[in-house]
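Novice: Chain residues, written in single-letter form:
There are 2 protein chains.
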Amino acid sequence: MIFPKEVEVIEVGPRDGLQNEPNLIPLEKKKKLIKMLSEAGFSRIETASFVHPKWVPQMANSEEMAEYSRELAITYLALTPNQKALERAIAVQAPQIAVFIGATETFNRKNINRSIDQSLEECKDLFERAKKANLWIRGYVSMAFSCPYEGEVAFEKVRYVCDELIRLGADEISIGDTTGKANPKAVYERFSRLRDLYPHTTFVAHFHDTEKMALANVVAAMQAGITKFDSSIGGLGGCPYSPGATGNVATEELVHMLEQMGCSTNLDLHKLREASRFAKTLSSRIQ
Amino acid sequence: MIFPKEVEVIEVGPRDGLQNEPNLIPLEKKKKLIKMLSEAGFSRIETASFVHPKWVPQMANSEEMAEYSRELAITYLALTPNQKALERAIAVQAPQIAVFIGATETFNRKNINRSIDQSLEECKDLFERAKKANLWIRGYVSMAFSCPYEGEVAFEKVRYVCDELIRLGADEISIGDTTGKANPKAVYERFSRLRDLYPHTTFVAHFHDTEKMALANVVAAMQAGITKFDSSIGGLGGCPYSPGATGNVATEELVHMLEQMGCSTNLDLHKLREASRFAKTLSSRIQ
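In order, the protein sequence lines correspond to chains A and B.
Each number in this note's numbering corresponds to the 1-based position in the first sequence with 92 added.
Each number in this note's numbering corresponds to the 1-based position in the second sequence with 92 added.
This is chain A alone, in the form it adopts within the complex:
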């Protein structure tokens, strides 16, 4: 088995974790959270989303979050799903941007009211402009294992989106098990195929712990050569309307396992646990 010496954990809690939180969280508390995360040693944190606040009110103060991230010297990721969002990211000189594309037509249409090809067309202009502004680009592929509308997702659908994102110039692709239904065998097979198809592309694994398999999936992804994982402090995230559903794999649990296995993360587990306790006070879903 492969247990890499070093692993990068990318914290997505302040954006992916908090965006669905129904209660508006005061800016000062969000700032405190990313300060705690920064002090725990993260090199990258997703802290902003330039989606229109009409759609995601929780992220309305992303300019302030971006500014504060810069103050803390965090290399932050900012979600920029369209040209308007990209303009805001360029205005604050965000170092890294991220776009989302669903692997299934139904999800993509329900989520952003566009076909996959329309989304990719939009990415083309967006990536060109982002590259001119020297922004580094992450592409998220959502529903890369199963989809709430279409069920199990064929690998070819994931491959199609990856093909296009890579062709358009994405610097990194995060493969998301958005429904939390991936199992270690599927993870190993899917990431092995991606590695063989795109040996020069950096892939990140993004797992949800809905069915308790997230850490097992991390170990399986490692066997396919993955060394970068997204996670969310305290397990923030998931759907606020289904109290039992868990969110992203919890950063502190992931880091604990990695460190126990001798995979260095350069993160301070004690500080992560403190940050987790604080993060949970911001969530209406986690007790």
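In short, the hints are calculated from the structure, not lab data.
Some hints here could point you the wrong way.
Any copy, or any two copies together, can satisfy a pair, since identical chains are not distinguished.
[As the list claims (entries may be wrong)] Straight-line C-alpha distance at most 25 Å; calculated SDA-like pairs for lysine to any residue: (1) K363 <-> D217; (2) K146 <-> G354; (3) K127 <-> K320; (4) K273 <-> S356; (5) K363 <-> G243; (6) K216 <-> E351; (7) K121 <-> E244; (8) K320 <-> P96; (9) K97 <-> E244; (10) K202 <-> A183; (11) K216 <-> R206; (12) K127 <-> A316; (13) K363 <-> E244; (14) K97 <-> S238; (15) K249 <-> Q352; (16) K176 <-> Y290; (17) K223 <-> S356; (18) K320 <-> F95; (19) K121 <-> I208; (20) K304 <-> E366; (21) K273 <-> E366.
Nothing here was measured: the structure is a model prediction, and the numbers come from that model.
We have chain A; now place chain B onto it with these hints.
Specialist: Chain B alone, transformed into the frame defined by chain A:
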């Protein structure tokens, strides 16, 4: 990666899971639990413990449980840590017996007030007599990764106990991560070494989910050739005095993952989930 076509899951909830339950559970409820488990398709269930009821009052009605297990045609395991216990097992013609030995001197002394060598000496007579009565023997090695008194446990300590149990004629050895602190790397390494040292011995992996790594550990153990796993319905077990501490890996979560990976267990997941809901009503620890 190795994903075996078939896996045996051995249910230990009715004994290992319930024995520490502080409230006495009526016999009828325990019978109902093993009936539900039997109907879910288990070939083996640990249903009895012939430890003196003074020490484990919860298991006082083990003769009745043994009798009922026979009625249900369950191949049951009965814990028989000493000659008196073995006599009771022989009297009811238990098909399979089990003994426990801690891998660390301190745990063994605190748990059963004997040195490891004294325990092994006792096993010698016990195994001889059990074999004459045609009983099949499982040896549990507890604290095979870490110990609450001695911390991390050296592999040589586990090896020593395995050596002796195998020499004395154990038919199967269950390696227990009793504290729930094992990680996938340690699991892979330890089971690989055991397989290389004892290629003809059947090993079972017995994980607790204390630190959320149980399912990841199952996947790691598979890579070392393990195809038998203990689990406890509803995650019963653990210490009743530390409410946060989880017990054995939950059978329904284990079986769900295995089936998702195409590893057949011959168990009915729907019935397991029903049994899990019932099991949780018996526990003062699980909500």
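Novice: Run every hint past the structure and note whether it holds.
Specialist: Structure-based check of all given hints:
no.: 1; hint: K363 <-> D217; verdict: neither (41 Å within a copy, 53 Å between copies)
no.: 2; hint: K146 <-> G354; verdict: neither (45 Å within a copy, 44 Å between copies)
no.: 3; hint: K127 <-> K320; verdict: within (22 Å within a copy, 46 Å between copies)
no.: 4; hint: K273 <-> S356; verdict: between (27 Å within a copy, 18 Å between copies)
no.: 5; hint: K363 <-> G243; verdict: between (39 Å within a copy, 23 Å between copies)
no.: 6; hint: K216 <-> E351; verdict: neither (39 Å within a copy, 41 Å between copies)
no.: 7; hint: K121 <-> E244; verdict: neither (38 Å within a copy, 39 Å between copies)
no.: 8; hint: K320 <-> P96; verdict: within (10 Å within a copy, 27 Å between copies)
no.: 9; hint: K97 <-> E244; verdict: between (33 Å within a copy, 21 Å between copies)
no.: 10; hint: K202 <-> A183; verdict: neither (29 Å within a copy, 66 Å between copies)
no.: 11; hint: K216 <-> R206; verdict: within (15 Å within a copy, 72 Å between copies)
no.: 12; hint: K127 <-> A316; verdict: neither (33 Å within a copy, 42 Å between copies)
no.: 13; hint: K363 <-> E244; verdict: between (38 Å within a copy, 24 Å between copies)
no.: 14; hint: K97 <-> S238; verdict: between (31 Å within a copy, 23 Å between copies)
no.: 15; hint: K249 <-> Q352; verdict: between (36 Å within a copy, 20 Å between copies)
no.: 16; hint: K176 <-> Y290; verdict: neither (31 Å within a copy, 65 Å between copies)
no.: 17; hint: K223 <-> S356; verdict: neither (32 Å within a copy, 49 Å between copies)
no.: 18; hint: K320 <-> F95; verdict: both (12 Å within a copy, 24 Å between copies)
no.: 19; hint: K121 <-> I208; verdict: neither (36 Å within a copy, 54 Å between copies)
no.: 20; hint: K304 <-> E366; verdict: both (23 Å within a copy, 19 Å between copies)
no.: 21; hint: K273 <-> E366; verdict: between (29 Å within a copy, 21 Å between copies)
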